[in-house]
Amino acid sequence: MTRLLLNGSPRGKNSNSRLILSWLTQGMAEAGVAEPPVLDLARISELEAQRAAFLAADEVVLVFPLYTDSMPGLVKAFLEAVGTADSAQLNGKRVAFIVQSGFPESIHSEAVARYLARVSSRLGWVHAGTLIKGGVEGIRVMPAWQVARTKAAFIRAGRELGREGHFSDELRARLAGPRTFGPWQLRVLRVVMRTGLLNFYWNSMLKKHNAHARRFDAPYGAAARR
Amino acid sequence: MFCLILNGNPDPSPFDDYLATFAREMERRGHESKVVDLRSLKLEYCTGCWSCWWKTPGVCARKDAMVDLYPDMVRADLVVWASPLVLGAISSLLKKTQDRFIPLAHPYIEIVEGECHHRHRYERNADIGLIVGPTPADTDEDLDIASCLFQRFSKNTRTKLRLFATTSTPIEEVLHDALTA
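So the protein sequences, as listed, match chains A and B. Take 0 as the starting number for the first sequence in numbering that gives the first Met the number 0 and just add one per residue. Take 0 as the starting number for the second sequence in numbering that gives the first Met the number 0 and just add one per residue.
This list has only true hints and no planted wrong ones.
Keeping only pairs whose Cα atoms sit at most 20 Å apart, straight-line, the calculated DMTMM-like set for lysine to aspartate or glutamate is:
no.	chain 1	residue 1	chain 2	residue 2
1	A	Lys12	B	Glu43
2	B	Lys154	B	Glu114
3	B	Lys33	B	Asp16
4	A	Lys150	A	Glu34
5	A	Lys150	A	Glu169
6	B	Lys54	A	Glu136
7	A	Lys206	A	Asp216
8	B	Lys33	B	Asp10
9	B	Lys33	B	Asp176
10	B	Lys54	A	Asp216
11	B	Lys62	B	Glu43
12	B	Lys154	A	Glu109
13	B	Lys154	B	Glu122
14	B	Lys62	A	Asp216
15	A	Lys12	A	Glu34
Label pairs and their computed distance ranges (CB to CB):
no.	chain 1	residue 1	chain 2	residue 2	range
16	B	Thr165	A	Thr83	19 to 27 Å
17	A	Arg50	B	Ser146	26 to 34 Å
18	A	Arg42	B	Phe1	35 to 43 Å
19	A	Ala30	B	Asp36	47 to 55 Å
20	A	Thr179	B	Asp176	22 to 30 Å
21	B	Arg123	A	Ser120	34 to 42 Å
22	A	Arg50	B	Ile170	34 to 42 Å
23	B	Arg123	A	Arg139	27 to 35 Å
24	A	Arg186	B	Arg28	45 to 53 Å
If you're looking for bench data, these hints aren't it; they were derived computationally from the structure. Remember, predicted model here, so these are calculated numbers, not experimental data. Every residue gets a Cβ at the ideal spot worked out from N, C-alpha and C, and that includes glycine.
I would like the entire structure built from these sequences, with the hints used as guidance.
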């Protein structure tokens with residue numbers, strides 16, 4: 000069986016999606032699967048080669064970040080490119096997806112997950128499942144203990160793919176939590192927000208780049224009220 | 000009002016005529032409108048560098064046709080995202096342009112109606128319209144998914160999805176929705 004991993008992050012190699020793929024590969028290896036090649040769709044000049052590799056593969060996993068509430072444009076361009084192939088080259092291909100987002104709730108990614116199931120069916124693919132994982136922004140710079148649970152979940156996802164060929168419902172449900180926050184969680188979140196903890200990552204990056212004082216700049220019109 | 004129509008049709012087709020008619024009728028009713036044919040512009044993909052969020056707040060690092068488009072997007076009362084459906088979704092050309100919306104948002108997260116959303120960078124974001132051109136292969140489900148994706152975009156940008164139309168929708172109906180704030 001020929002396997003292929005696709006990274007749909009506009010950031011390419013230095014992306015959270017790539018990190019997730021490395022965990023997935025680790026899990027696949029535990030299931031006895033040889034390390035599949037990873038292609039970065041951000042290398043848009045290599046679209047033809049990416050398309051050929053996809054068409055030659057039996058099983059593909061595509062990981063991407065939620066981008067303006069959908070898939071990144073380069074992922075759509077890739078789907079359009081493979082969508083022109085003969086149905087004989089597409090039928091029966093097993094395709095799994097992982098949609099990761101900075102938003103902590105999975106509700107943001109449900110519409111695009113619905114699209115992925117639909118496009119899989121249109122193109123004759125066997126949809127091996129879509130995992131949604133929120134709260135992913137910054138995982139590359141977080142300490143190991145902070146990402147341990149997420150890492151373990153994606154290693155398990157790799158094992159499941161290697162052994163069963165699809166993601167289990169239980170894992171899918173676990174990763175997708177919370178869909179939305181409940182009233183108590185929202186109350187806690189509002190308190191946390193007042194401390195500035197929720198935007199800590201953004202503030203630290205703004206300060207690192209000497210841009211914190213300009214963070215509310217609105218170069219093309221009137222700025223939002225603070 | 001000012002209505003900006005972003006035409007994500009990758010190739011010339013009657014879809015362009017539908018948008019031209021819509022724009023012309025808007026003008027006839029005394030409203031400013033502008034159709035931007037995205038296929039004729041030099042537009043790069045967003046690289047996720049986040050410069051627009053943490054290095055040069057509000058300013059994209061990519062210096063391409065978006066430089067001229069951003070002021071119009073901020074000034075507009077209504078931005079109509081328009082595209083033929085390609086594999087049941089907006090074209091990659093229009094999606095590539097939608098990705099470039101990121102500098103207009105702020106990285107900070109706020110809770111709005113029980114969900115996390117991005118803070119506004121500008122005083123207001125333009126309302127949103129979506130016009131799609133379905134192919135014979137597209138079903139009601141495809142239209143529903145296309146609409147749902149823009150409902151999420153509208154919710155996250157905290158604007159109203161004023162109109163959702165296909166090229167079969169009578170122009171009068173589209174105009175009615177476009178002009179209903």
